[in-house]
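Protein chains in written order, with full-length UniProt numbering: chain A, 1 to 378; chain B, 1 to 378.
Hints were generated in silico from the structure; no laboratory data involved. Since the structure is predicted, the reported quantities are computational estimates derived from the model, not experimental observations. Virtual Cβ for every residue (Gly too), placed ideally from N, Cα, C. Keep in mind that the hints are not guaranteed to be accurate.
Said to hold, decoys possible - Partial pick of chain A residues on the chain B-facing surface, computed with a CB cut under 8 angstroms:
1. 18
2. 25
3. 29
4. 149
5. 151
6. 153
7. 157
8. 320
9. 324
10. 331
Claimed, not checked - Taking lysine to aspartate or glutamate pairs in the DMTMM-like style, the calculated list, with each CA pair at most 20 angstroms apart, reads:
11. 106(B) / 27(B)
12. 344(B) / 27(A)
13. 149(A) / 253(A)
14. 106(B) / 116(B)
15. 149(B) / 234(B)
16. 344(A) / 27(B)
What the hints assert, rightly or not - In silico contact screen, one side only, chain A against chain B (beta carbon under 8 angstroms); selected entries:
17. 3
18. 4
19. 46
20. 47
21. 152
22. 155
23. 283
24. 297
25. 300
26. 323
27. 327
28. 328
29. 335
30. 339
There are 2 protein chains.
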Amino acid sequence: MTTIVGVIGGGQLARMMIPAAVNLGIEIRVLAENDGMSADLAAFGVGDYRDLEVVLAFAETVDVITFDHEHVPQEILRELVARGIAVHPGPDALLYAQDKLLMRQKLSDLGLPVPEWARIENVEQLAEFLADHGGRAVVKTARGGYDGKGVRVVSHAHDVDDWFMALAEDANGGALLVEELVDFTRELAQLVARRPSGEIVAWPVVETVQQNGVCAEVIAPAPHSSGKLAEVAEAIAVAVAEGIGVTGVMAVELFETTDERLLINELAMRPHNSGHWSMDGSTTSQFEQHLRAVLDLPLGGTAARDAWSVMVNILGGPTTGSLVERYPGAFQAYPSVKVHNYGKDPRPGRKVGHVTAGGDDLDDVVYQARATAAFFQD
Amino acid sequence: MTTIVGVIGGGQLARMMIPAAVNLGIEIRVLAENDGMSADLAAFGVGDYRDLEVVLAFAETVDVITFDHEHVPQEILRELVARGIAVHPGPDALLYAQDKLLMRQKLSDLGLPVPEWARIENVEQLAEFLADHGGRAVVKTARGGYDGKGVRVVSHAHDVDDWFMALAEDANGGALLVEELVDFTRELAQLVARRPSGEIVAWPVVETVQQNGVCAEVIAPAPHSSGKLAEVAEAIAVAVAEGIGVTGVMAVELFETTDERLLINELAMRPHNSGHWSMDGSTTSQFEQHLRAVLDLPLGGTAARDAWSVMVNILGGPTTGSLVERYPGAFQAYPSVKVHNYGKDPRPGRKVGHVTAGGDDLDDVVYQARATAAFFQD
Numbered sequence: 001m002t003t004i005v006g007v008i009g010g011g012q013l014a015r016m017m018i019p020a021a022v023n024l025g026i027e028i029r030v031l032a033e034n035d036g037m038s039a040d041l042a043a044f045g046v047g048d049y050r051d052l053e054v055v056l057a058f059a060e061t062v063d064v065i066t067f068d069h070e071h072v073p074q075e076i077l078r079e080l081v082a083r084g085i086a087v088h089p090g091p092d093a094l095l096y097a098q099d100k101l102l103m104r105q106k107l108s109d110l111g112l113p114v115p116e117w118a119r120i121e122n123v124e125q126l127a128e129f130l131a132d133h134g135g136r137a138v139v140k141t142a143r144g145g146y147d148g149k150g151v152r153v154v155s156h157a158h159d160v161d162d163w164f165m166a167l168a169e170d171a172n173g174g175a176l177l178v179e180e181l182v183d184f185t186r187e188l189a190q191l192v193a194r195r196p197s198g199e200i201v202a203w204p205v206v207e208t209v210q211q212n213g214v215c216a217e218v219i220a221p222a223p224h225s226s227g228k229l230a231e232v233a234e235a236i237a238v239a240v241a242e243g244i245g246v247t248g249v250m251a252v253e254l255f256e257t258t259d260e261r262l263l264i265n266e267l268a269m270r271p272h273n274s275g276h277w278s279m280d281g282s283t284t285s286q287f288e289q290h291l292r293a294v295l296d297l298p299l300g301g302t303a304a305r306d307a308w309s310v311m312v313n314i315l316g317g318p319t320t321g322s323l324v325e326r327y328p329g330a331f332q333a334y335p336s337v338k339v340h341n342y343g344k345d346p347r348p349g350r351k352v353g354h355v356t357a358g359g360d361d362l363d364d365v366v367y368q369a370r371a372t373a374a375f376f377q378d
Numbered sequence: 001m002t003t004i005v006g007v008i009g010g011g012q013l014a015r016m017m018i019p020a021a022v023n024l025g026i027e028i029r030v031l032a033e034n035d036g037m038s039a040d041l042a043a044f045g046v047g048d049y050r051d052l053e054v055v056l057a058f059a060e061t062v063d064v065i066t067f068d069h070e071h072v073p074q075e076i077l078r079e080l081v082a083r084g085i086a087v088h089p090g091p092d093a094l095l096y097a098q099d100k101l102l103m104r105q106k107l108s109d110l111g112l113p114v115p116e117w118a119r120i121e122n123v124e125q126l127a128e129f130l131a132d133h134g135g136r137a138v139v140k141t142a143r144g145g146y147d148g149k150g151v152r153v154v155s156h157a158h159d160v161d162d163w164f165m166a167l168a169e170d171a172n173g174g175a176l177l178v179e180e181l182v183d184f185t186r187e188l189a190q191l192v193a194r195r196p197s198g199e200i201v202a203w204p205v206v207e208t209v210q211q212n213g214v215c216a217e218v219i220a221p222a223p224h225s226s227g228k229l230a231e232v233a234e235a236i237a238v239a240v241a242e243g244i245g246v247t248g249v250m251a252v253e254l255f256e257t258t259d260e261r262l263l264i265n266e267l268a269m270r271p272h273n274s275g276h277w278s279m280d281g282s283t284t285s286q287f288e289q290h291l292r293a294v295l296d297l298p299l300g301g302t303a304a305r306d307a308w309s310v311m312v313n314i315l316g317g318p319t320t321g322s323l324v325e326r327y328p329g330a331f332q333a334y335p336s337v338k339v340h341n342y343g344k345d346p347r348p349g350r351k352v353g354h355v356t357a358g359g360d361d362l363d364d365v366v367y368q369a370r371a372t373a374a375f376f377q378d
């Protein structure tokens, strides 16, 4: 009897669950959006995750459904649950990853630290929020944003007229989320995993470096995070996971403010770019942990294996040729840096892979990771 | 353009190449002996590796041919090479893994330390060897032995009459290998990797513990192996790899004698049970290294990640149910021990998985590894 995990979505997150599944002797089946995606090796088939019949047919072949992304519609998720199919994370939790307004409201209700925010439906409400917050703010679409998309820094009430127009034309109505522009010194991320029966584990809090709204580098653990800062970050993520009932891996993106507070920025209810370092740098990778969690198995150790791990994304990739063609140079120069290649065609800005270096000297580890990644970018 | 490695043989060694291939974005295709084997996820198809047409058709779809085992006939290997197909390790090297008499002769010619040995064709020759070596010896069939099969400790010249009879009936003739019964304190294994262009790297020498002729435990590095012992073991393995022209990963099994010598016992020209610890305990696993080597890519770092790594095989598995059914207990008790499940049905004596523990305190690491493995055996 083989245990089978079904993953909806065929991107690199599904792909990186494959090695963990192979090691544990768990079968993984992927419902991919298209042929030739990152997780092709484990592809069960290609189908539209917005089509109930497609998702149901897939679900019948597996023991638990989980996700490469958070975009499966609520009505489909709820129908799966109604039919007794194990879905992790479940629809109640995913709701907050799908809708930033609901997420902000829920976190506020839970008493968790978030930036000041408001729900706005028109220019007047935005103008009022701007007036109350020094004339600048961040506006986000409630749905559909990722990697910096659907996020705009504004200083005029008319800066998001196009979004208000789109809402007005949307039969479902809706609203935008406006938030104070947080005065932060850096961004952190706290990765946790929670299993249905309640156990939660946390990895060390990490520092994330964003470029153009996309995660570029992660340092694990976050420098200067020993003691209270790490405790607070973990406590916030645990409260979120329990408060929302998340199952599987969840990343909480945090701002560390100039006045030493941590505020929740975004949530991701799945393995997350900020946790890729764990594949090489922690006792249990976030992908193995996600499989353990969604199968309600006891969770694995989350200790760091090196004093410092640094992950650098390969964004875009080479303008000519494949990543593999760059292996001779990169491997020769940096034999101990681990290279992860998502099997995607290079394209400007696309996440096509990442590298992770580890060691005792942070400056050297940062240098090795960046220098290795540079072999894969022109 | 995807780089494709073709693996002949669908056992657990092929299976454990899959995670490494996924991480590196290298496609792996397996020619399996049967349906439902360990490496099924990457199966290209099922076919007989002794059938030239089958192997040629497979080889045409890949960039390099390598192996899960050493049993592909020489005439097929040589035909592949004659057609310009990259085969690693090549037939000249594999010859010595396929025939223990040729291996012993070659190692003797290279001046490397081996037990005293002789080629014997009849009872009289065995009697003479026994008389010269204290009345006891080890007799091995030249071909076909593994995991203790084809190996017999003898004290009478008639103890292998069945094997002599089989040779007499074999149209190809042949002979047996007889060796002195080495007075050893323990067994070691030295894992190295060599790429076609010549680079060689070595992992730390390990201690192996055999039970009934099958590897049961591996301690990495071998206790009391710092300094000269490690140097000698590495020098022997490097000399073997260069002398025989091995490409890919090779394990040299060694006896450490009571008079402090190292003698070569067996060679394995592929990833080897004695190197499984490297998946969790070294910067580069033997499976990633094998892929790098057969693709002639620069080799990865071989440092140990923990002071001690201990691997314990899961032999046989539970008498009822699957390995996965034992995960709740094992994971709860030992959250940081890594479990590897080969996806094979339990059967007495069969290698169905292994576990690896790591840490600073050898006693504790041994205990954790053994205790975790015990969850999977009745």
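Consistency of the hints with the structure:
no.: 1; hint: 18; result: holds (5 angstroms)
no.: 2; hint: 25; result: holds (3 angstroms)
no.: 3; hint: 29; result: violated (11 angstroms)
no.: 4; hint: 149; result: violated (26 angstroms)
no.: 5; hint: 151; result: violated (30 angstroms)
no.: 6; hint: 153; result: violated (36 angstroms)
no.: 7; hint: 157; result: violated (47 angstroms)
no.: 8; hint: 320; result: violated (12 angstroms)
no.: 9; hint: 324; result: holds (5 angstroms)
no.: 10; hint: 331; result: holds (4 angstroms)
no.: 11; hint: 106(B) / 27(B); result: violated (35 angstroms)
no.: 12; hint: 344(B) / 27(A); result: holds (13 angstroms)
no.: 13; hint: 149(A) / 253(A); result: holds (16 angstroms)
no.: 14; hint: 106(B) / 116(B); result: holds (13 angstroms)
no.: 15; hint: 149(B) / 234(B); result: violated (27 angstroms)
no.: 16; hint: 344(A) / 27(B); result: holds (13 angstroms)
no.: 17; hint: 3; result: holds (5 angstroms)
no.: 18; hint: 4; result: violated (11 angstroms)
no.: 19; hint: 46; result: violated (18 angstroms)
no.: 20; hint: 47; result: violated (20 angstroms)
no.: 21; hint: 152; result: violated (35 angstroms)
no.: 22; hint: 155; result: violated (43 angstroms)
no.: 23; hint: 283; result: holds (5 angstroms)
no.: 24; hint: 297; result: holds (5 angstroms)
no.: 25; hint: 300; result: holds (5 angstroms)
no.: 26; hint: 323; result: holds (6 angstroms)
no.: 27; hint: 327; result: holds (5 angstroms)
no.: 28; hint: 328; result: holds (6 angstroms)
no.: 29; hint: 335; result: holds (5 angstroms)
no.: 30; hint: 339; result: holds (7 angstroms)
Hint compliance for this structure: hints 3, 4, 5, 6, 7, 8, 11, 15, 18, 19, 20, 21, 22 are broken, all remaining hints hold.
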